[in-house]
Each structure stands twice: as structure tokens, then as C-alpha cells.
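J.: If you're matching them up, the sequences are chains R and P in order. Residues -8 to 325, numbered by the numbering used here, are exactly what the first sequence covers, in order. Residues -8 to 325, numbered by the numbering used here, are exactly what the second sequence covers, in order.
Heads up, a few of these hints could be off.
What the hints assert, rightly or not - DSS-like, lysine-lysine: derived pairs with alpha carbons at most 25 Å apart:
1) Lys249(R) with Lys257(P)
2) Lys258(R) with Lys232(P)
3) Lys258(P) with Lys258(R)
4) Lys176(P) with Lys232(R)
5) Lys239(R) with Lys176(P)
6) Lys264(P) with Lys249(R)
7) Lys232(P) with Lys232(R)
8) Lys239(R) with Lys257(R)
9) Lys232(P) with Lys264(R)
As the list claims (entries may be wrong) - If you only want the chain P side, here are some residues facing chain R, beta carbon under 10 Å, derived:
10) Ile205
11) Leu255
12) Gln309
13) Met310
In case anyone wonders, no lab produced these hints; they're calculated from the structure. C-beta: ideal position from N, C-alpha, C; glycine also.
Protein chains: 2
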Amino acid sequence: MKIALDGFGGDHAPLAMLEGAALAVAEYGVDVVITGDEAVLRKTALEHNISLAGLEFSDTKDVIGICEEPTTLLQEHRDSSLGRAFTLLSEGKVDALVSAGSTGAIVVGGTFLIKRIKGIKRAAIASMVPCENGSYLLVDAGANTDCRPEMLHQFAMMGSMYLESVRGIQRPRVGLVNIGAEETKGGQLQKDTYHLLEQDKNLNFTGNLEARGIPLGEADVVVCDGFTGNVILKLSEGWGKFLNNTLKDLFLTGFAGKFSAALLLKKISGLRKRMNYKEYGGAPLLGVTKPVIKAHGSSDKLAISKAIYQAKLVVEQQMIARITKALADQKEEG
Amino acid sequence: MKIALDGFGGDHAPLAMLEGAALAVAEYGVDVVITGDEAVLRKTALEHNISLAGLEFSDTKDVIGICEEPTTLLQEHRDSSLGRAFTLLSEGKVDALVSAGSTGAIVVGGTFLIKRIKGIKRAAIASMVPCENGSYLLVDAGANTDCRPEMLHQFAMMGSMYLESVRGIQRPRVGLVNIGAEETKGGQLQKDTYHLLEQDKNLNFTGNLEARGIPLGEADVVVCDGFTGNVILKLSEGWGKFLNNTLKDLFLTGFAGKFSAALLLKKISGLRKRMNYKEYGGAPLLGVTKPVIKAHGSSDKLAISKAIYQAKLVVEQQMIARITKALADQKEEG
């Protein structure tokens, strides 16, 4: 299996990309094509003594910056490191794409260079977020600021299939983010979506989900518009940081703290590992015809390798074929 | 000073109301009028040995339930315990109102029975939420699902004045909740609000605020629509619960945990106190002509006493007169 990796997307590119790719080759037995300035990539690999086994380069000088208008990917930045990765994917030269670059540009590339699955109204970012009992899938985590009820319904459907096929969770509980538990709560978007979700017998819809229940693990698929989703994702990151700082403050200062840390080492490191988004791999762009994985902008080596692993699972589990089939079945039924 | 307390709003009414009122009388030197079924209130006080010094009763049998349509407060539940409290406030028989009842009904009562300050488009709930360095003010925390830019601008203005006058924070930093730091990010509501906030020289506007920065204390006044605000408020509560459970799991299980807890007792109890929303008193309904304070639905004795204290501060600091004057000044300038 061959995976394209955007060599110049993300805060720690290109070093973290090279290290992550090498780690993924070693751990998961995939081949990786890294896009971007080959001279810089080779020089960086040499300086950091990174093995090039299983790695290929696809040379291009241009990079699309994080602040640039996402649609420039289709024109002036068509042959940027990200654009090139999309070309490789659309031409079938790789099986999947991973990038830690701009979310907007990845959504644009997935939508216009790869295309949406027939019947899908909008592609959505689906992020795994840590919570008390493990983790949940948040869709949409930031691709679509404004949403219609049918879009949220499709997010619920695609999210459920992703958890079933890639994460092995049977009949995942779907919750609709709302400001109250009753079905009459929220704005028009929430009210209309509620009815669509309730009527879809293929979903395990558990009703409206007040945000209080999200970190406590009350749903497996947390459905909302991309503005709300992005707020939930980032607020959770902030809280994770806060929790981490709190543990540091408790345990790394003073004799009592250090002594306690030694006593509780296993528990604390388990907790920190569980709260580390890097362990959760990348976020798939659901709804497009080929596997596209968005890695966190601040991804390090570990996060990149996990995102590549994620891409491998999506390919192996034929997630996209499943979504496509389910949509076709649904159309037949309807 | 005399404060009306809705005796039958909230999960722990009427007992927590009686206990909280008695505590507030003792601690803050206020008088409290408790509304609701006097026979039940007196019986409960007797059974729990609660002092009635400084307390009065205003007898009414009806209660507006948490699931009832908020506007029923204006008709069939006009003389409920909450409706009666609004009557006392509107007739000038008390200086402020505190209720742990339905947010919707409190907003309706404030808006239609007390009226909005001239020029204010919508009343908003302003909640203090704990964060890393202390706490921040979230407006709107849930009164208005759909908002326009001028409304968010007024929330920012009122929130700043509240922090300045009641909490003594000079030039509080105002952040607009958005999905990116650049001013071009977000939907139309965010873009238009950004320009209004930027142009208002009376505000210390620090720009768009990504949700990651909220728990880390990057703004003092966190401005958003009521849907987003409610999600932020409740997600933060859920995370607080998660943090609390985590600390319990770390420290209350096993010998090493208990031993460490003993060593770190002071730090842990300080942290738990800081994360306890009950310490933060109630949330004022900003934008109405008299002091109305919403206490958390699950308020206990301590939370109710703090909410009453909050009401006292709002009266003493003449917060409403300040907002009214600032609006008049603004109108003159404009």
C-alpha cells in the first residue's frame, strides 16, 4: 500500500513528516510518497539520520500557506506539496493522502480534485476526541460553518460507518449536539435534524446531547455543524492542556508532588497518554471518493505515523465502498 | 437590601433555597423574600432547623416547571413562585431577584415583566466559568439561540461593564469566539461582529478567540451567540466533572493514591474549589432594567448564597445605571 504525505503541511514540517513517514514504514509496513522540495527533504533526512527505506519523493517547490485562501489550491497552488499529493491520489498512484496542512485547503482538494461520493452534499472532517471512557467521533469538526439538516444527517450516517468499519464499534450511539435534551430544543437546524435522525432506522440515534455529556462519553458519534464542532474540538484541546498543566503543577513541584508522582506513575502516564490527541491519528475527510486524512497542524512524528496508520485502515476496511453502497441502498429504499 | 428568591426553582428546591437564604442573611447582611408555598417552606425550615431571621415569605402555590414553555410565565404561571418574584421586583418591593429555575422563563420574565434597558436589543445570560488563571465571563451563555452582530456587540459592552463594576477587573479583554484567529474567519455573524467590536474604542477587544484559548484564560469576556455559549458552558461543566473524577480516581483508590492525596491535600482542595461553579455565584441577566440573577439549576445552599451575594453586588455597584448611561453616551456620540 502506498500513501501520499504532504511534506510541507503542518507546524513541524518537513522534519516531523520525514520522521513520521519513516516510523510508519517501520511499524505499519506501508510505502510513503512525500511531496515537496526534494532537495530540502533529502537534506533534512540526512541531517537527522532518517532512513529513506520505503520512502519516495515527489518533487515540487510550491507550498500553500495556512493563511491562504483555500481555493488557491485549485489554481496558483495547484502544484504545491498538498496539490501534488491530491494529483497522485486522483491519478491512482497512491491509495490515500495524509496532510497536516490547512483544513480549508484539504476540504477544497477533497471536494474538487477527488470529488464527493454520489449523493453526498458536503464532505466533513471527523475527529476522534478523548473523553472519560475512551474517545468519541466528532463530525463535522470544522469543514462546514453553515449546515442544513440533510448534511447533518449524512454526517451521522458516515460517522457511524467509520466507527463500525475502522474502529470496530457496533451500532455506535449517535448524539445530536443541542442546548437541551427535549426534541423541541435548539434552533431550526437542530429541530429538523432531530426528526431526520430519528426516522433513520439504520442509525442508533440516542437523541439530543447536551454538551455536558460529551466529555463524559455519552455518545460515540457527536453530530453538529462545523462551527460548533470546531468550538467543541478546540475547547476540548484547551481543557486537555489545562488538565495536563494541572497534573504537572500537582506532581512536578515540591517534594510531596514528586514523591506522589513516583507512587502514581503508571496511572498518570496512562491518563496523559489517553488525553494525547496524537495517539488518535488523523481525522478522515468523510464523503469523498478516496481516503483523505487530515492530521493535526501541530503533529509530531508520532501523530504523523498514527495518521498514516489511520489512512491504511480506511483503505483496508474499504470504508469508502461501504459508504457508497449504503447511500445507494438508501436511495433504492427511498 | 431586600432580595426576592424563587423558592421553588431548581433541582434542590425548596430546601437549598431556605438554607442558602439563611446563609446569605448571616454572611452578607441582606434580607430575603422567598416566594412559593409558605406552608411547605415553613415546614421544611422547621424540619431542618433553619433560622427564619431576615427571611420573609410571599405565599403562592403555583410553580412553573423546567420543561414548560417559558412564555407561560406571562399567563397561566404569572403567579408561580418565579412570577411572584418578578412581581415583587417590578413593583419595587425588592431590589433584586434570584432564581435557579428555567433559564427560558427567567429571560422571558426579565424581558417582558421587567423590560429591557432602552436601546438593548436582547437580554443575555452572563456566566462566570472557571479557567486556568481564574475565571472568565461568558456572554451569551444560553438566552438567545440566534443572534445578530449588534446583539453580540452589546453583549461585549455589557459584559465588560459587569466585570469592571462588579468584579473590579479594569479594561477586561474581550474575545469573539471564532474558528480561527484571522478576521476573515467564521460565518457572516462573526465577520460582521468583528468589525463592530474593533470599531468600539470603549472595548478592549483582543480579536477572534479560538476555543482552545478559552480554558487557558485568554480572554476575560468571551462573546458568542447563545447556542455556542451554552455548548461552551456545558462542555466546560462536563470537563470539570471529568477532571474531578480523574482526581478522585488518582487519589481515592489504592494506598499510593490515598497517601499522595494526604501529601497534596492543600493543592487538590484548592483546585477543586476553584473548579466548583458553586463558588462563582449566579449568572446575571444583562440588559434588563433591574437586577435578575440566574442560579445554576443544581444549586445547593452554597451556590444560592453566592448568587444572592452576586445580586447584592450588582445593586451596590449600580451596574444597571452604568450600562444605561453608557448606552445613552454611545447614542449621543453616534
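J.: If a hint holds in the structure, say so; if it does not, say that too.
T.: Structure-based check of each hint:
Between the alpha carbons of Lys249(R) and Lys257(P) the distance comes to roughly 15 Å, so the proposed pair stays at or under 25 Å and holds. Proposed proximity of Lys258(R) and Lys232(P) is supported: the alpha carbons are some 18 Å apart, at most 25 Å. Taking the CA atoms of Lys258(P) and Lys258(R), the gap is about 19 Å. The hint holds against a cut of 25 Å. Annotation: proposed proximity of Lys176(P) to Lys232(R) holds, straight-line Cα distance about 24 Å (limit 25 Å).
As the CA atoms of Lys239(R) and Lys176(P) are separated by approximately 34 Å, the hinted pair breaks the 25 Å bound. For a cut-off of 25 Å, the pair hint linking Lys264(P) to Lys249(R) stands: about 23 Å separates their Cα positions. Distance restraint check for Lys232(P) and Lys232(R): the Cα-Cα separation of roughly 16 Å lies within the 25 Å cut-off, and the hinted pair is therefore satisfied. With a C-alpha separation of about 15 Å, the suggested pairing of Lys239(R) with Lys257(R) holds against the 25 Å cut-off.
With a C-alpha separation of about 19 Å, the suggested pair Lys232(P) and Lys264(R) falls inside the 25 Å cut-off, and the hint holds. Interface hint status for Ile205(P): upheld, as the beta-carbon distance to the closest one in chain R is roughly 6 Å, under 10 Å. Because the smallest distance between the Cβ of Leu255(P) and any Cβ of chain R comes to about 6 Å, under 10 Å, the interface hint for this residue holds. The beta carbon of Gln309(P) is not positioned within 10 Å of any beta carbon in chain R (closest approach about 32 Å), and the interface hint is therefore violated.
The interface hint given for Met310(P) is violated, since its Cβ lies 26 Å from the closest Cβ of chain R, which is over the 10 Å cut-off.
The structure shown violates the earlier hints numbered 5, 12 and 13.
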